Amino acid sequence: MSSFSVTFRTPDEHVCVLDLKGELDAHTSGELEAAFQKCIDDQRPRIIVHGGDLQYISSAGLGVFMAYIEEVREQGGDIKIAALQPRVYNVFDLLGFPVLFDITDSEAEAVERFNADAA
Amino acid sequence: MKLERRCNIGAGLFDTHTVRPFTQPEALPPTVQLPSLSLAHVRPALTAGRARRVLLWSLVALGFVLLVVHHVVIASVGKPSSQTMLVLVNIGVVACIGLAALLLADTLGSRSYNPVRALWHPFIAAALGLGTAASLMLLGGEVDVDPATGVPDGFGDVLQISTLALVEVAVALILLISLRTLILFKRTTGSVRNWRFMLGTMVAASLVLVSDGATDAANENWLHIALVAVAVVLMVLNAFRLAWIVYLPFRQKMATLGLCMGLIVFLALLLDYAGRGVETGSEIGLEFGADLTLAAIFSQPLSQFVTMAFGFGILYATTAVLSLLFHLPTAAALQQKTGEMEALQALARLSGEVFDRDKLVDTIAGAPVEAGVAQAAWLALIDEGSGSLAPRITAALGLTPVQIKALTDYEVLARDALDSGEPLLLRQAPADHRVRARPGDGLGSLLVLPLVAHEEPMGALFATRAVSEGFEEDDVGALATFAGQAALALNNADLFAERLERERLERELAIAREVQRRLLPQNLPELDGVSLSATSVPAQEVCGDYYDFVRIGPHCLGVIVGDVSGKGTSAAFYMAELKGIFQSASRLTQSPAELLAQANEALAGSLGKNAFITAVYGILNTEDGVFTFARAGHCPVALARADGTVSLLRAGGLGLGMDRGPLFRRALTEEQIQLQPGDTFVLYSDGLVETRDRGGTGDEYGYERLADAVAKHRTLEPKALRDALLSDLYNFAGHDVWGDDLTLVVVKWDGPSAPTPIETATLDADGSA
Numbered sequence: 008m009s010s011f012s013v014t015f016r017t018p019d020e021h022v023c024v025l026d027l028k029g030e031l032d033a034h035t036s037g038e039l040e041a042a043f044q045k046c047i048d049d050q051r052p053r054i055i056v057h058g059g060d061l062q063y064i065s066s067a068g069l070g071v072f073m074a075y076i077e078e079v080r081e082q083g084g085d086i087k088i089a090a091l092q093p094r095v096y097n098v099f100d101l102l103g104f105p106v107l108f109d110i111t112d113s114e115a116e117a118v119e120r121f122n123a124d125a126a
Numbered sequence: 047m048k049l050e051r052r053c054n055i056g057a058g059l060f061d062t063h064t065v066r067p068f069t070q071p072e073a074l075p076p077t078v079q080l081p082s083l084s085l086a087h088v089r090p091a092l093t094a095g096r097a098r099r100v101l102l103w104s105l106v107a108l109g110f111v112l113l114v115v116h117h118v119v120i121a122s123v124g125k126p127s128s129q130t131m132l133v134l135v136n137i138g139v140v141a142c143i144g145l146a147a148l149l150l151a152d153t154l155g156s157r158s159y160n161p162v163r164a165l166w167h168p169f170i171a172a173a174l175g176l177g178t179a180a181s182l183m184l185l186g187g188e189v190d191v192d193p194a195t196g197v198p199d200g201f202g203d204v205l206q207i208s209t210l211a212l213v214e215v216a217v218a219l220i221l222l223i224s225l226r227t228l229i230l231f232k233r234t235t236g237s238v239r240n241w242r243f244m245l246g247t248m249v250a251a252s253l254v255l256v257s258d259g260a261t262d263a264a265n266e267n268w269l270h271i272a273l274v275a276v277a278v279v280l281m282v283l284n285a286f287r288l289a290w291i292v293y294l295p296f297r298q299k300m301a302t303l304g305l306c307m308g309l310i311v312f313l314a315l316l317l318d319y320a321g322r323g324v325e326t327g328s329e330i331g332l333e334f335g336a337d338l339t340l341a342a343i344f345s346q347p348l349s350q351f352v353t354m355a356f357g358f359g360i361l362y363a364t365t366a367v368l369s370l371l372f373h374l375p376t377a378a379a380l381q382q383k384t385g386e387m388e389a390l391q392a393l394a395r396l397s398g399e400v401f402d403r404d405k406l407v408d409t410i411a412g413a414p415v416e417a418g419v420a421q422a423a424w425l426a427l428i429d430e431g432s433g434s435l436a437p438r439i440t441a442a443l444g445l446t447p448v449q450i451k452a453l454t455d456y457e458v459l460a461r462d463a464l465d466s467g468e469p470l471l472l473r474q475a476p477a478d479h480r481v482r483a484r485p486g487d488g489l490g491s492l493l494v495l496p497l498v499a500h501e502e503p504m505g506a507l508f509a510t511r512a513v514s515e516g517f518e519e520d521d522v523g524a525l526a527t528f529a530g531q532a533a534l535a536l537n538n539a540d541l542f543a544e545r546l547e548r549e550r551l552e553r554e555l556a557i558a559r560e561v562q563r564r565l566l567p568q569n570l571p572e573l574d575g576v577s578l579s580a581t582s583v584p585a586q587e588v589c590g591d592y593y594d595f596v597r598i599g600p601h602c603l604g605v606i607v608g609d610v611s612g613k614g615t616s617a618a619f620y621m622a623e624l625k626g627i628f629q630s631a632s633r634l635t636q637s638p639a640e641l642l643a644q645a646n647e648a649l650a651g652s653l654g655k656n657a658f659i660t661a662v663y664g665i666l667n668t669e670d671g672v673f674t675f676a677r678a679g680h681c682p683v684a685l686a687r688a689d690g691t692v693s694l695l696r697a698g699g700l701g702l703g704m705d706r707g708p709l710f711r712r713a714l715t716e717e718q719i720q721l722q723p724g725d726t727f728v729l730y731s732d733g734l735v736e737t738r739d740r741g742g743t744g745d746e747y748g749y750e751r752l753a754d755a756v757a758k759h760r761t762l763e764p765k766a767l768r769d770a771l772l773s774d775l776y777n778f779a780g781h782d783v784w785g786d787d788l789t790l791v792v793v794k795w796d797g798p799s800a801p802t803p804i805e806t807a808t809l810d811a812d813g814s815a
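Respectively, the protein sequence lines represent chains A and B.
Heads up: the first sequence runs through residues 8 to 126, numbered per my numbering.
Heads up: the second sequence runs through residues 47 to 815, numbered per my numbering.
Keep in mind the hints are simulated off the structure, nothing from the lab.
Small disclaimer: the values here were computed from a predicted structure and weren't measured.
Among the hints, erroneous ones may be present.
Think about it this way: if two alpha-carbon atoms lie no more than 30 Å apart in a straight line, the pair counts; the simulated DSSO-like pairs of lysine-lysine are [unchecked claim]:
(1) A:Lys45 / A:Lys28
(2) B:Lys383 / B:Lys405
(3) B:Lys405 / B:Lys451
(4) B:Lys232 / B:Lys383
(5) B:Lys451 / A:Lys28
(6) A:Lys45 / B:Lys655
Produce the complete structure using the sequences and hints provided.
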């Protein structure tokens, strides 16, 4: 039915980009959890979630971000969300995500923010 | 006419008794009982019904009496009857024997198979016959017959000869009928054919002699000799049909051995009497067609048939005795083996009926020992719940788990057997590296049987014997079969337990749903100047959506809609908690933002890290139409103005539980809207706007469609507006199964002095107000 996939990219040695594709809901949120956990385990806490191909996100999917943000920030990293489609962004926005998360228009911008944070 | 029927019937003598139960006499119309019918119909038609049987027996008796009378007449006249008369008499004899055979087969042949009983009948018959013959000899003395003509001298002699003939025919018929069940045990087309041919040639060999008188030399008839020779060959063939012996337990083998030996002696003595010569009492011998024997005086065909029947009886009993003697030493071993196999089968059957897992596990582990195949046995099962693939000893008999752990590396053995999928047999267990037992520890040979159900490894069944080389091939085969059934039984028990658990959960969920339904308002509050409607449709048994109303003072109405992230049980618990917080906090503060901030603080301790609640709370002052609200991450409020404009009010705010610090309060804004009379606002959960058009494009219903629908139906009263919005959603989605919980609350401000009475708020049948 609903399909979802997460793919890893490491454009440089500091950040870890997760490309989300499809629909993130209660059934598929486990995959994103595993991806976040892997980033933490690999000591790569600078995570950019690239949502260009994300079609839908449910409250369970949003909960995954909530669940990991604290731990990632404790490691000195962050989860930045980039390139969301307007409709998906609206869901993040309604819930107040922009208050808690860096949400950028593009992946490059997110990388810049990481570099700025580090500086 | 009678002869023809006899010939027809003779071909199938004794073999159609199975037809009998299907043809009750009243079921057959009288016309079908004509002799022209096919063979299958003739016998039941002849023998069915008590009255008819009595009639037929009377016919046989009458025939016998007539034969006796015939001999009396001959004896009184002193010379043999004419050739024509002789043929007629002999045909009468054959007809009577045939009829008697049918009747006897009907009485004896329909019994169930039992070798002892099958031999018991002819044994008793032969003994009785012998007794009768002997007493006749004692009472009547020697039979006096004219040696030239074969005519008896007096009435006493006739009676003696006739009675002997009668006895011999009876014994011969009972013998053949009884042996038939043995010879046709495990029947094949070939065996049935041989049996019928044998009977056929015996009858034919007898019929050849219908024109022969008492003194005619039978051995001059070449056709007769050929037929007898064929019959003898067939007798030898049939005499080796002894399959029934193999299956007999020891005691029954002994019993049948005795019966066979007795039968040989009795039949030989009877043949001796039958073949005894006359006048001088000298024995002529057992040769077929011997001159002037007692039976031959009565009737040559009868004498021939009886002699052949007895000869066959003796032959068959002799081969049976030899075969029984050969099989006696193996009987005990066979019986033990059979006992073991039966025990295993019984246990396998039993284990299929036991659903109590503990009991089942004990039964399976104990089975090899109970059946006597092994001296100790244990069951090591993989416990999926423990997360480990290493099997654990679940039940043991003959050894304790501690001993087993000390003596064997059972985990490795079980794993090896499961990997290979074949029984693992250690013929000399102490020599194997996986066994720590030394010779003398009582673990000479070890058999490991993998338990696999539906290709899923479940564990292994272990069986041991104290001696090495203790398991034979057939033991391994039987235990492997048992292990296969045991694995399925265990699997069934697990499935059964799972199903019980699922049913229990379903019951619990049904209760939870009922409890949760009561957490939603049972009645809507009634206030002047405002009309309401609300509905909540859970996606699953229990849901995470919440709506509620509270009256604040005489003029204010508080309304909240909340949505817990996720669905199901955990969402339902948070929803219940939210209700508690709302009900208490709404009485303490007049500010929606303050209430949500307090709720956030109260929930912070209990909400899971990945859980949050979105909520929107507003207070409507029914006096001045001021609507004050705050939004904690929830869907925007849809406001439909009386002038036709629809707006989505989106005050800033985070979801409850998303931030446990000051950020929440900072992000939260409270807005005030001045309503005009007739203005309506709609609160809803995301289940509404996220409902998909599953039949078509897969699009979400979305905010635009919602706004359009609200605008279109804004003039309706809240209840009608709610229904219109829902039906618009149904039309869009094309189904009524929601992926998410769905809540809809409609509030209309009628103005400060409402001209119309407030809509009565009662619950609909579906639980919505």
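Hints, verified against the model:
1. A:Lys45 / A:Lys28: holds, 18 Å
2. B:Lys383 / B:Lys405: holds, 26 Å
3. B:Lys405 / B:Lys451: holds, 23 Å
4. B:Lys232 / B:Lys383: Holds: Lys232 of chain B and Lys383 of chain B sit about 21 Å apart, inside 30 Å.
5. B:Lys451 / A:Lys28: violated, 52 Å
6. A:Lys45 / B:Lys655: holds, 18 Å
In the structure shown, a violation is registered for the earlier hint numbered 5 alone.
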